[in-house]
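Colleague: Here's the letter readout for the chains.
Number of protein chains: 2
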Amino acid sequence: MLIPAEQMNSTLKAILSSEGFKEPAAERIAHIFTSSSMDGYHSHGINRFAEFVKNCRKGVIDPGADVSLRSSFGHVERWDGQGGAGPLNAWKSMNRAVELAKKHVLGCVALSNTNHWMRGGSYGWQAAASGCIAICFTNTMPNMPPWGGQTPTTGNNPIVIALPRSQGHIVIDMSLSQFSYGKLHQHKLNGTSLPFPGGYDHEGDLTTDPTAIIASKRILQTGYWKGSGLSLMIDLLAATLSGGKTTAEIGTYDAETNLSQVFICIDPSKLYANEAYNQLVNSVLDFYRSALPEKEGQPIYFPGERTAGRRAISAKIGIEVKEPIWEGIRALRK
Amino acid sequence: MLIPAEQMNSTLKAILSSEGFKEPAAERIAHIFTSSSMDGYHSHGINRFAEFVKNCRKGVIDPGADVSLRSSFGHVERWDGQGGAGPLNAWKSMNRAVELAKKHVLGCVALSNTNHWMRGGSYGWQAAASGCIAICFTNTMPNMPPWGGQTPTTGNNPIVIALPRSQGHIVIDMSLSQFSYGKLHQHKLNGTSLPFPGGYDHEGDLTTDPTAIIASKRILQTGYWKGSGLSLMIDLLAATLSGGKTTAEIGTYDAETNLSQVFICIDPSKLYANEAYNQLVNSVLDFYRSALPEKEGQPIYFPGERTAGRRAISAKIGIEVKEPIWEGIRALRK
Chain A
1 MLIPAEQMNS TLKAILSSEG FKEPAAERIA HIFTSSSMDG YHSHGINRFA EFVKNCRKGV
61 IDPGADVSLR SSFGHVERWD GQGGAGPLNA WKSMNRAVEL AKKHVLGCVA LSNTNHWMRG
121 GSYGWQAAAS GCIAICFTNT MPNMPPWGGQ TPTTGNNPIV IALPRSQGHI VIDMSLSQFS
181 YGKLHQHKLN GTSLPFPGGY DHEGDLTTDP TAIIASKRIL QTGYWKGSGL SLMIDLLAAT
241 LSGGKTTAEI GTYDAETNLS QVFICIDPSK LYANEAYNQL VNSVLDFYRS ALPEKEGQPI
301 YFPGERTAGR RAISAKIGIE VKEPIWEGIR ALRK
Chain Z
1 MLIPAEQMNS TLKAILSSEG FKEPAAERIA HIFTSSSMDG YHSHGINRFA EFVKNCRKGV
61 IDPGADVSLR SSFGHVERWD GQGGAGPLNA WKSMNRAVEL AKKHVLGCVA LSNTNHWMRG
121 GSYGWQAAAS GCIAICFTNT MPNMPPWGGQ TPTTGNNPIV IALPRSQGHI VIDMSLSQFS
181 YGKLHQHKLN GTSLPFPGGY DHEGDLTTDP TAIIASKRIL QTGYWKGSGL SLMIDLLAAT
241 LSGGKTTAEI GTYDAETNLS QVFICIDPSK LYANEAYNQL VNSVLDFYRS ALPEKEGQPI
301 YFPGERTAGR RAISAKIGIE VKEPIWEGIR ALRK
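Protein chains in written order, with my numbering: chain A, 1 to 334; chain Z, 1 to 334.
Treat the hints with care, as some may be off.
Put simply, identical chains are the same to the list, so a pair is met inside one copy or across any two.
[Stated by the list, open to error] Simulated pairs of lysine to aspartate or glutamate, EDC-like, Cα-Cα distance not exceeding 16 Å:
#1 K295 with E203
#2 K217 with E294
#3 K54 with E19
#4 K295 with D201
#5 K295 with D205
#6 K217 with D205
#7 K58 with E19
#8 K22 with D66
It should be emphasised that the hints constitute simulated quantities derived from the structure, not laboratory data.
Go ahead and model the full structure; you've got the sequences and the hints to work with.
Modeller: What follows is the structure in structure tokens.
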């Protein structure tokens, strides 16, 4: 079914209000879930909204919590998320990092004790919309084995990098497993193989069979040993900068909570006249896309390009949502 | 043959002095080449020294150049490498980033118009030895196709992240191609296949045959589309922050020169008592390494662990160097 974005937003907002979120928090969170769904990231948007509400009811997420400044070093600030909503805390942190960048060229907010930020890309688009370059990342619960190991002792710790551009922002949002569990489940449901090996089967062999990987819980790191090492570094950076919890500690809780995140922002308008910046960015994109395509006529996309395309379609025709998902959300209303 | 580190250092230093490098530049560059070789990174150490000297003679590298401050924004500085030696410029930039971090918690140096930094990890180890966390990256000449493309319109743009630790620093140094051309040539020489697909053959199929990949020039990105997008972002960050050249521009020169690099440093001693920081870092490492190993008895390494092991061996027995390489270097003496 197709749900107009406004209808989705107002439905989610009403539910969030009844769960105890005040204004403008309810509107902000509803908007983040709706935008992610418009952009086609349902697994971290509308498909996860019911779980988000359940986590509010279970006390994992505190609808009354607000971020609190722990310490300030001028352009670097440490904030405590106090167990509040992940998307709200992340949005506030990026908003603050943008403020710091506009004042100091480069600003950094490190956030402890927060919850899952849903789609990390949201905060990249947010910074880019404010004219800022951004780098942000989060740790997660242990959900990925390290290189050479069978059991999950690191996270797939997503990294987001965004650059503003007047003809359309450039935003990469990548986790450090080659495929997400969401993608594995999607392939399993569709009865399709992964396009590339995405993990190991029970015999310890690399496989493209999503069912075998889900069963073994041995998802493959992005770039094998590289993604494994990088995931360790992201956890270390997130925890040490924020003073928050590590993937190891997060693994000791009943739910994935008390995450650590970092938001770095740079204001390019302090470094360039606007036109010069845009010309530079466009020259890089033009060259990148000038490669001889693998298949004739096949375009070479830059990160964020197809997302913007899906967003435009959703704005026009509405957001495609699976009926049971939407019914499940309507059933959350009190 | 085995060359004692001191002998290698003094041999390289004498050659550098005769090429016009003054003190302490000659000593610094000799030390970086020697350390990389001690650590086992010969392809970016001793094996590339002759090419480095040839680039001085060709005028690609200016032995008399020094870095010059272009603009300062407190904790953010832009420097111009003025075509000087890449390792020297990178070392000075990281040194300055450490100074900025010690003063401002987080410092950032963006460097334009520099030359190849050889082993990026050198500057991670440098920052960690100064007690600082570091993130640094560089762009390169176009040497990797973008995802969906056949011809190289992006670089394998290496990223380095380092965290200091009293029992041994943690340093990841990774390029954004799954294997370097150096590694491909090594496998070709040894007559071995790559352990995983590392690029495409002329039919456009993924292959583990190093000869086929060298011939097609289609090396595989780290994590397929992820490494491709990330390489674009690293080029954009390096060029926009430094105000320097892009991979596209670098591709128009006869040699790989006028690179753009970024050095970000954070001083954790501003955030933690030393013991608390070390405990936090060790707890992450302990958990990471606690995974059930893939093969019984096989240790799980953290990034930098084996490098430190090789360094200790080289210090004890000398640095293993192929005889023609060493003879080639001795022949450079004037």
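Colleague: Could you run down the list of hints and mark each one as holding or not?
Modeller: We went through each hint and held it up to the structure:
1. K295 with E203: between (35 Å within a copy, 12 Å between copies)
2. K217 with E294: between (33 Å within a copy, 13 Å between copies)
3. K54 with E19: Classified as within: same-chain Cα gap 10 Å, cross-chain 69 Å, threshold 16 Å.
4. K295 with D201: So K295 and D201 pass the 16 Å test across copies only (15 Å; inside, 32 Å).
5. K295 with D205: Close across copies (12 Å), not inside one copy (30 Å); limit 16 Å.
6. K217 with D205: within (13 Å within a copy, 29 Å between copies)
7. K58 with E19: Classified as within; 11 Å inside a copy, 70 Å across copies.
8. K22 with D66: For K22 and D66, the Cα distance is within 16 Å only inside one copy (11 Å; across copies 57 Å).
Violated hints for the displayed structure: none, as all numbered hints are satisfied.
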